[in-house]
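**Q** What follows is the residue order along each chain.
Protein chains: 2
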Amino acid sequence: MNQPEETLDPQDWTKLREVGHRMLDDMLDYLRSVRERPVWKPLPEQLDQEFDKPLPVAPEGIEQAYEDFMQHVLPYPLGNIHPRFWSWVCGTGTPGGMLAEMLAAGMNSGVHGAAQSAVKVEQQVLSWCKEIMGFPANASGILVTGGSMANLVGLTVARNAKAGIEVNQYGLKSVTKPLALYCSAQTHNSVHKAIGLLGLGRDSLREIPVNDRFEIDIAALEATIAQDRHDGFRPICVIGNAGTVNTGAVDDLNAIADICARENMWFHVDGAFGALISLSPKLRPLISGMERADSIAFDFHKWMYTQYDAGCALIRSEKAHHDSFRVPSSYLSHFERGVASGDAWFGEYGVELSRSFRALRIWMSIKEHGIDKYRRLIEQNVAQARHLAELIDSNAELELMAPAPLNIVCFRYRPLGFTEEELDGLNKEILFQIQERGIAAPSSTVLNGKFAIRVAICNHRSRFEDFDVLAREVCRIGRELASNDAFDQVREIWSAAD
Amino acid sequence: MNQPEETLDPQDWTKLREVGHRMLDDMLDYLRSVRERPVWKPLPEQLDQEFDKPLPVAPEGIEQAYEDFMQHVLPYPLGNIHPRFWSWVCGTGTPGGMLAEMLAAGMNSGVHGAAQSAVKVEQQVLSWCKEIMGFPANASGILVTGGSMANLVGLTVARNAKAGIEVNQYGLKSVTKPLALYCSAQTHNSVHKAIGLLGLGRDSLREIPVNDRFEIDIAALEATIAQDRHDGFRPICVIGNAGTVNTGAVDDLNAIADICARENMWFHVDGAFGALISLSPKLRPLISGMERADSIAFDFHKWMYTQYDAGCALIRSEKAHHDSFRVPSSYLSHFERGVASGDAWFGEYGVELSRSFRALRIWMSIKEHGIDKYRRLIEQNVAQARHLAELIDSNAELELMAPAPLNIVCFRYRPLGFTEEELDGLNKEILFQIQERGIAAPSSTVLNGKFAIRVAICNHRSRFEDFDVLAREVCRIGRELASNDAFDQVREIWSAAD
Numbered sequence: 220m221n222q223p224e225e226t227l228d229p230q231d232w233t234k235l236r237e238v239g240h241r242m243l244d245d246m247l248d249y250l251r252s253v254r255e256r257p258v259w260k261p262l263p264e265q266l267d268q269e270f271d272k273p274l275p276v277a278p279e280g281i282e283q284a285y286e287d288f289m290q291h292v293l294p295y296p297l298g299n300i301h302p303r304f305w306s307w308v309c310g311t312g313t314p315g316g317m318l319a320e321m322l323a324a325g326m327n328s329g330v331h332g333a334a335q336s337a338v339k340v341e342q343q344v345l346s347w348c349k350e351i352m353g354f355p356a357n358a359s360g361i362l363v364t365g366g367s368m369a370n371l372v373g374l375t376v377a378r379n380a381k382a383g384i385e386v387n388q389y390g391l392k393s394v395t396k397p398l399a400l401y402c403s404a405q406t407h408n409s410v411h412k413a414i415g416l417l418g419l420g421r422d423s424l425r426e427i428p429v430n431d432r433f434e435i436d437i438a439a440l441e442a443t444i445a446q447d448r449h450d451g452f453r454p455i456c457v458i459g460n461a462g463t464v465n466t467g468a469v470d471d472l473n474a475i476a477d478i479c480a481r482e483n484m485w486f487h488v489d490g491a492f493g494a495l496i497s498l499s500p501k502l503r504p505l506i507s508g509m510e511r512a513d514s515i516a517f518d519f520h521k522w523m524y525t526q527y528d529a530g531c532a533l534i535r536s537e538k539a540h541h542d543s544f545r546v547p548s549s550y551l552s553h554f555e556r557g558v559a560s561g562d563a564w565f566g567e568y569g570v571e572l573s574r575s576f577r578a579l580r581i582w583m584s585i586k587e588h589g590i591d592k593y594r595r596l597i598e599q600n601v602a603q604a605r606h607l608a609e610l611i612d613s614n615a616e617l618e619l620m621a622p623a624p625l626n627i628v629c630f631r632y633r634p635l636g637f638t639e640e641e642l643d644g645l646n647k648e649i650l651f652q653i654q655e656r657g658i659a660a661p662s663s664t665v666l667n668g669k670f671a672i673r674v675a676i677c678n679h680r681s682r683f684e685d686f687d688v689l690a691r692e693v694c695r696i697g698r699e700l701a702s703n704d705a706f707d708q709v710r711e712i713w714s715a716a717d
Numbered sequence: 220m221n222q223p224e225e226t227l228d229p230q231d232w233t234k235l236r237e238v239g240h241r242m243l244d245d246m247l248d249y250l251r252s253v254r255e256r257p258v259w260k261p262l263p264e265q266l267d268q269e270f271d272k273p274l275p276v277a278p279e280g281i282e283q284a285y286e287d288f289m290q291h292v293l294p295y296p297l298g299n300i301h302p303r304f305w306s307w308v309c310g311t312g313t314p315g316g317m318l319a320e321m322l323a324a325g326m327n328s329g330v331h332g333a334a335q336s337a338v339k340v341e342q343q344v345l346s347w348c349k350e351i352m353g354f355p356a357n358a359s360g361i362l363v364t365g366g367s368m369a370n371l372v373g374l375t376v377a378r379n380a381k382a383g384i385e386v387n388q389y390g391l392k393s394v395t396k397p398l399a400l401y402c403s404a405q406t407h408n409s410v411h412k413a414i415g416l417l418g419l420g421r422d423s424l425r426e427i428p429v430n431d432r433f434e435i436d437i438a439a440l441e442a443t444i445a446q447d448r449h450d451g452f453r454p455i456c457v458i459g460n461a462g463t464v465n466t467g468a469v470d471d472l473n474a475i476a477d478i479c480a481r482e483n484m485w486f487h488v489d490g491a492f493g494a495l496i497s498l499s500p501k502l503r504p505l506i507s508g509m510e511r512a513d514s515i516a517f518d519f520h521k522w523m524y525t526q527y528d529a530g531c532a533l534i535r536s537e538k539a540h541h542d543s544f545r546v547p548s549s550y551l552s553h554f555e556r557g558v559a560s561g562d563a564w565f566g567e568y569g570v571e572l573s574r575s576f577r578a579l580r581i582w583m584s585i586k587e588h589g590i591d592k593y594r595r596l597i598e599q600n601v602a603q604a605r606h607l608a609e610l611i612d613s614n615a616e617l618e619l620m621a622p623a624p625l626n627i628v629c630f631r632y633r634p635l636g637f638t639e640e641e642l643d644g645l646n647k648e649i650l651f652q653i654q655e656r657g658i659a660a661p662s663s664t665v666l667n668g669k670f671a672i673r674v675a676i677c678n679h680r681s682r683f684e685d686f687d688v689l690a691r692e693v694c695r696i697g698r699e700l701a702s703n704d705a706f707d708q709v710r711e712i713w714s715a716a717d
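Going down the list, the protein sequences come from chains A and B.
Numbering-wise, the numbering used here comes out as the position in the first sequence, counting from 1, plus 219.
Numbering-wise, the numbering used here comes out as the position in the second sequence, counting from 1, plus 219.
Accuracy of the hints is not assured; some may be wrong.
What the hints assert, rightly or not - Partial list, computed: chain A residues near chain B (C-beta under 8 Å): (1) 239; (2) 240; (3) 423; (4) 679.
Said to hold, decoys possible - With a straight-line Cα cutoff of 25 Å, these simulated DSS-like cross-link-like pairs (lysine-lysine) come out: (5) B:396 <-> A:396; (6) A:349 <-> B:272; (7) A:592 <-> A:349.
Everything labelled a hint here was simulated from the structure, so no lab data went into it.
No experiment lies behind these values; they were computed from the predicted model shown.
We put the beta carbon where it would ideally sit given N, CA and C, even for glycine.
Using the sequences and the hints, build the whole thing.
**A** Written out as structure tokens, the structure reads:
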């Protein structure tokens, strides 16, 4: 042919190799020294100019692209790999996970199915998950990007299995009775999002009140289901929490399992982080009953510290799972031989058809460290949460805002003589300053109408002393701010913000 | 504290560094030598023993985990990084993309939002995408795992914007008229999957016949919409194809845009691979009208050759997009200062809350190579498809099964004197042998009831000569098989399989 052929492979492999080794050294240095840097720092305004630049037409080359990364990207991270980052429920990742990602990206396997090792790796990871969660070996499962997708997968199967019609074929317009689902008022918003997406309407989700431990009120749940039946609704599913996002509360999963069995309802567990305490014989009684669920959603990138993104949905009934996502088509036929053979077609068990090889970093990390290490680290994080809760309880200036049964601690700085509104403003300001000074990165929530500093510990780098620092610095900054002059300023800022 | 503290960081960074550099060298060697290996090879049966091993309790260490990878995973890839892999619509990835993935995995950013560079990178990639696709700068968008998710996002917004009720709140039980959506009979099954998931019911999707170029029949589309209105349905959306999965056909997107404007319907384009021919002024007229869509779904990991997973949904109306996915919650509050500041919260624009830093590999690759390089590679793949189509057309033993307007070529080996059924069996056997011998990996489909060998070219490593090899080997194996004795065996195998 006349055309000159081009490729994205390098002309000079030696040069690419040099750049690659430099990147690897830089990143390992970066990980090793993470404790020495501030948790987070604000983005400088001039950074926007860099990211407003137009589409590059001509090549910069990989060295310049890397230089851009080093100058404009790496210095401004979220901070979640730092030992004192405890915002939301982010995990930290590991150095070995970074290397595993490089391997996966080199293979660049598309894991929709077919005869390839990546499928075998995912099957093995799923087998291990069933073992961890006490699910039977013939249960079904799939790796997804995270808890939100896993909740969506579980709730899709729940809807389709229990609606009483062929929802995928005929749609929710055809239901004979309006459907109803149940969860506690502390349930994660990915459940609300999923229910909206599924066409059920968020008004079909009954948010049941919680007790003072932030666990679902079982009597209220039963009463609501009975009332709904009386009113002509069809109750189809209860979503139980194995660790709520706000406080780590665990619903009474055995009671929910009993109700679902009796009422012929689907039992889904959102165990985004909490499901993994299955690993600990000591902690496992807290989530007793989870093993009776019809579906469980959880993440590896939270409390197994793997790189993003890595979540999992386990579904007890393989048939119900497959029926929900399978759409046969000639261009995706399976055969007995060739590339399109193989016995697992994950594209038929979830939303994604194109799927990355996210199983590899989980598989390699479990092999690298052994699962017992994760058990110890989870117990360590729980012990750290308990340590922080004790620090707070024993300090008259600090107030624990909720029980801390797992790895989440909500508290505030509470000097005498301040109104609730003033305390909200004061604690927001403390949070900002703790973050802005690079000391630590808790996040926040609102509990019973009160602003709380929230510490969620999915961090294998945190040490007990890091929580001493947090308690001490919250008090120090709090005292600074609560001194008369300083607080007048804060009050002004916060009333202006309202 | 008394507890000994553990971490997943290595005790010996020097050793980890050595392993890492060895991995990098191995993977670069692997990529450099890919052409020398068979495209694919069957998995040996004894491999299953390895992947049946129970959950590892004790640590193996990273070196042993890597050894397991080298022995059991790397040798059995899907094959999609090979120059002669043309199955489904898989991309190849790049060496630079592998390095970018390592960087992203090192940072391990959770990209739900917040004040961090990863958000800026994603915003910039989205700006570039809008520029490429001819969308206005104030349009909305999000990176997702792939075309299936991007179609789901687009169709969710379509449903919510056009249903005439607040679907997220009240659900599809509350629609006053049943909804109807429209696409060609050649539309990808991710659309059917999404419509099932969304609770619309697949029976609400009208599959309009195609013309002999496999493009939607516009007159039939108009007639069906009119009939549906007459019958009391509410037509809400047309899905147009910019490159169908079977043959690369492009629907008349301007005609669809006109219909949607006139009928107040949403216009969604599935441009999984084809949308990217926007990059080529020469090819762009083929997809004229796409820039008028309300939403577009496309992938980077297909025809921009980036690593999995990387798709994109663009939505013209930011408000409609945000309204569809936003669920406010106190633990996800945004603030003016601190970590939870920042002006883009992607968790409110898609299903995922936990999100990986998939923008980085796109950003770095575009910088590395410049966008014009992608234009040339896409044109190269189209020229290669044309070359293969000409080889087929000029060869009496081969039959082109459909026009090949883009990068997909469907054909079969067609000796004289065989029935249609026999031709199906013969061509399946040819496909298997081409794959099993490691020569090339096309996939297959069925067109007008006939089995076709299908070649989809999203491969920056393919050369024109690779298609000469394919045509020659198909004929060679075909002749072998069609010789009387051999074919009797094939016939037996295939009638047994029925």
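**Q** None of the hints should be skipped; say for each whether it holds.
**A** Hint-by-hint comparison with the structure:
Satisfaction of the interface hint for residue 239 of chain A is found here, the shortest Cβ-Cβ separation to chain B being roughly 5 Å, below the 8 Å cut-off. A hinted interface residue such as residue 240 of chain A counts as satisfied when its beta carbon comes closer than 8 Å to some beta carbon of chain B; here the least separation is about 6 Å, so the hint holds. Hint status for residue 423 of chain A relative to chain B: holds, with the closest Cβ pair at about 6 Å, below 8 Å. About 4 Å separates the beta-carbon of residue 679 of chain A from the nearest beta-carbon of chain B, less than 8 Å, and the hint is met.
For the suggested pair residue 396 of chain B and residue 396 of chain A, the alpha carbons sit about 17 Å apart, so the restraint of at most 25 Å is met. With a C-alpha separation of about 14 Å, the suggested pair residue 349 of chain A and residue 272 of chain B falls inside the 25 Å cut-off, and the hint holds. Restraint check: the Cα-Cα separation between residue 592 of chain A and residue 349 of chain A comes to about 18 Å, which is no more than 25 Å; the hinted pair holds.
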